[in-house]
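**Q** Okay, here's what each chain looks like letter by letter:
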Amino acid sequence: MVAHPRDQGDSRAARRLNEPRPAQVEAATGIPAAVGGVAVASVREEWRVADRWWTEEPVRRRYFDLVLETGENVAVFYDLEQERWFRQKA
Amino acid sequence: MVACLMIPAFTLRAALRGEPELRAKPVALAPVPGTQPLVGPCTGAAERAGVRPGMRLSEALATCPGLHLVEQDPAGVEAEWERILRRVEDAGLAVEPVQPGCAYFETRGIERLAGGVQAAVQRALDAVGEAWEPRVGVADRRFAALAAASVAPAGRALVVDDEETELFLAPLPLHLLPLGPDRREELSGLGIQKLGELARLPRAAVADRLGGEGAEAWRLAQGEGDGRVSPRRPPAEIGETLEFPEPVANELTLSRALAALLDRLLTREERGGRIPRRISVSAKLVGGGSWWRAATLREPTAEPARLQQALAPKLSELPAPAVELRLELGELTESVGTQSELVRPRGSRLRSRLREGLRQVRAAVGIDAVYTVVEVAPWSRIPETRAILVPRDD
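Those sequence lines, one after another, are chains A and B. Counting from 1, one number per residue, gives the positions in the first sequence under the working numbering. Counting from 1, one number per residue, gives the positions in the second sequence under the working numbering.
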């Protein structure tokens, strides 16, 4: 007997795009001084995101848009809930 | 003979299939959001506590404060009913489904093979499974079969001989008749509570007072009516499901997800060029429960734009954010007779080249190598919730 298509595993999950990735950030004063061992040349912008505070998974982040000494432009954030640094295309 | 297979309170039973411990408790099906606040079918414990199907929600809760309400699960109901029908069809019976929980079939074709009417009907009961507490009524006419099924004990069949039909129907209540509540109330006001009381009235008087609807009810109460069954063609259906990383309520996002699912469905190999006449969309909702809508197309089509047009407006009826969306193509017809296009639509060559390129990527890297970016909430302040990646098959 041929299995009915409804019974076959035809479900595939969608995935999130641009998930945050853990980052190695040196920030003694709270402002990033180096990302992945590369010194920060300048902080272009800084902003905070507080969202979903009404849920069991609130989001509280402090974002930094940085230019590294190599000339690379990166965005990192400090997750105030997890107390960890992440890298993400903002 | 005509047999009527019945599973009472099927919608409630299907909704409780994941929580069997609730079956012994006072439970009722919650009203559909946006409709009249009336409770649906309820368990025996709820009925013993005074709750009745169709009662106002406030009254039901006042009557039975411990009443547990279960969310409607139309997609689950549809899927469970389809599974049951397929099992009955696998047992060699051609069924005509009327609604979830009620179907007719002819016993004649299988009586000799099974060894009699009772044995043929027992096949159907066994195929359904005793957990559903099915019952079957058998008679020469559909209405008598339905009436017999409504009084048959769980897991048993009741066979009514043609000569005894009128006698059998006489003491049964009027609610079995396909009459509107107004007409039923009118008859009740005249002191008519049983089918036999209606059958004893002169036909002309009933038709004069209640019109065509009343005349038809009188005919059924006499034990007359249709004795034919129009079995369905077992549907060949193919489906695709998309799980969202988080609940989605935005219509634009749902519409894009629908488009992605359509793309995937139409390229499924088992479709083999056949064209759907029916398309259905269902969703699992965020707080439990589900939602289901179907559209039957005037002409079968495999054009994504027309299928999208048929379904997209229904997405606005979604009562809560969805965590999963499922699309099914049904009643697939052969593509013979379809007029081919005289002029190829713009961009079709580019699309076929893209499809070929993607096929090569998939062959080289793996089946899950190609995704489509679907914007979910481009306005979100949280970057990872702005877009999702949907697997792509074409």
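Please note: incorrect hints may appear among the correct ones.
[Claimed, not checked] For lysine to any residue, the following SDA-like pairs were computed, each having C-alpha atoms within a straight-line distance of at most 20 Å:
{"id": "1", "chain 1": "A", "residue 1": "Lys89", "chain 2": "B", "residue 2": "Val373"}
{"id": "2", "chain 1": "A", "residue 1": "Lys89", "chain 2": "A", "residue 2": "Asn18"}
{"id": "3", "chain 1": "B", "residue 1": "Lys194", "chain 2": "B", "residue 2": "Ala204"}
{"id": "4", "chain 1": "A", "residue 1": "Lys89", "chain 2": "B", "residue 2": "Pro378"}
{"id": "5", "chain 1": "A", "residue 1": "Lys89", "chain 2": "B", "residue 2": "Lys194"}
{"id": "6", "chain 1": "A", "residue 1": "Lys89", "chain 2": "B", "residue 2": "Thr385"}
{"id": "7", "chain 1": "A", "residue 1": "Lys89", "chain 2": "B", "residue 2": "Thr372"}
{"id": "8", "chain 1": "A", "residue 1": "Lys89", "chain 2": "B", "residue 2": "Ala377"}
{"id": "9", "chain 1": "A", "residue 1": "Lys89", "chain 2": "B", "residue 2": "Ala204"}
{"id": "10", "chain 1": "A", "residue 1": "Lys89", "chain 2": "B", "residue 2": "Gly272"}
[What the hints assert, rightly or not] Now the in silico label distances, taken between C-beta atoms and shown as ranges:
{"id": "11", "chain 1": "B", "residue 1": "Ser380", "chain 2": "A", "residue 2": "Val67", "range": "34 to 44 Å"}
{"id": "12", "chain 1": "A", "residue 1": "Glu46", "chain 2": "B", "residue 2": "Arg56", "range": "48 to 58 Å"}
{"id": "13", "chain 1": "A", "residue 1": "Lys89", "chain 2": "B", "residue 2": "Ser316", "range": "28 to 38 Å"}
It should be emphasised that the hints constitute simulated quantities derived from the structure, not laboratory data. Just so it is clear, the structure is predicted and the values come from calculations on it, not from any experiment. Built from N, CA and C at the ideal position, the CB exists for glycine as well.
**Q** When the structure is checked against the list of hints, which entries are broken? Sort them ascending.
**A** Of the numbered hints given earlier, those the structure breaks are 5, 9, 10 and 11, listed in rising order.
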